[in-house]
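S.K.: Position 89 (the sequence shown) corresponds to 89 in our numbering; numbering is contiguous.
Read the hints as simulated data drawn from the structure, not as lab findings.
No experiment lies behind these values; they were computed from the predicted model shown.
Label-pair ranges, simulated between beta-carbon atoms: (1) Gln89 with Asp126: 36 to 44 angstroms; (2) Ile122 with Ala23: 19 to 27 angstroms; (3) Asp87 with Pro139: 38 to 46 angstroms; (4) Thr47 with Gly84: 21 to 29 angstroms; (5) Lys164 with Asp90: 41 to 49 angstroms.
Below, in silico cross-link-like pairs of lysine-lysine (DSSO-like), each with a Cα-Cα straight-line distance of 30 angstroms or less: (6) Lys178 with Lys98; (7) Lys167 with Lys177; (8) Lys167 with Lys62; (9) Lys98 with Lys78; (10) Lys12 with Lys62; (11) Lys78 with Lys12; (12) Lys177 with Lys98; (13) Lys177 with Lys164; (14) Lys62 with Lys78; (15) Lys12 with Lys80; (16) Lys11 with Lys80; (17) Lys164 with Lys178; (18) Lys80 with Lys62; (19) Lys98 with Lys80; (20) Lys98 with Lys167; (21) Lys178 with Lys167; (22) Lys62 with Lys98; (23) Lys11 with Lys98; (24) Lys78 with Lys11; (25) Lys12 with Lys98.
Where a beta carbon is used, it is the ideal one built from N, C-alpha and C, also for glycine.
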Amino acid sequence: AHFHLIREASKKATHVLVLLGSANLAPSLRNPFSSPQRAAMLRAGLTSSELMHTHFEGIDDKPTDFEWESQVLRRVDKAKRALGIVDDQDVVLVGHEKDETSYYVHSFPQLNTHLIESWGTINATDARTALLTGGDLRPYTNRDVINWLLANYVANDFAEFGFKWLKAQHEAVSAFKKD
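Build out the structure end to end from the sequences listed, making use of the hints.
M.R.: Below is the structure:
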């Protein structure tokens, strides 16, 4: 779904800025990957020509929507300055209204907004479960991302909050739900 969103954004703009949320949060079962890890996974799944115009930046969760929205606009302004864009009308926010957490796509009236249709029924929870239980990841992402996950996350488990930690968290939550 992320690649679909990036590719749709590429149809609307010469440059795509992907803001990766929750950059300041510790890994959790719901959000186990750091912003650099998520950027690396996305880079692994993009073509070289897509990579030439796709830029990734982490953004922090903030206590209020106002603070978060201000941070997003600062990142957009930084990208505009770097690219020589002077008019907000030359910026398009491409998003998807997945659920109640997607309200933010309407928080930027100064930017053009382009909403894309839902792309299948893929969700991150099912993908994480497949990863943690040894299930088939192919329904959830492409071969290059699977290879990145296996080589850089599953096999590289010496890191704090790595795959073993995540798997233990998943097993503990699953056991708790059974009781």
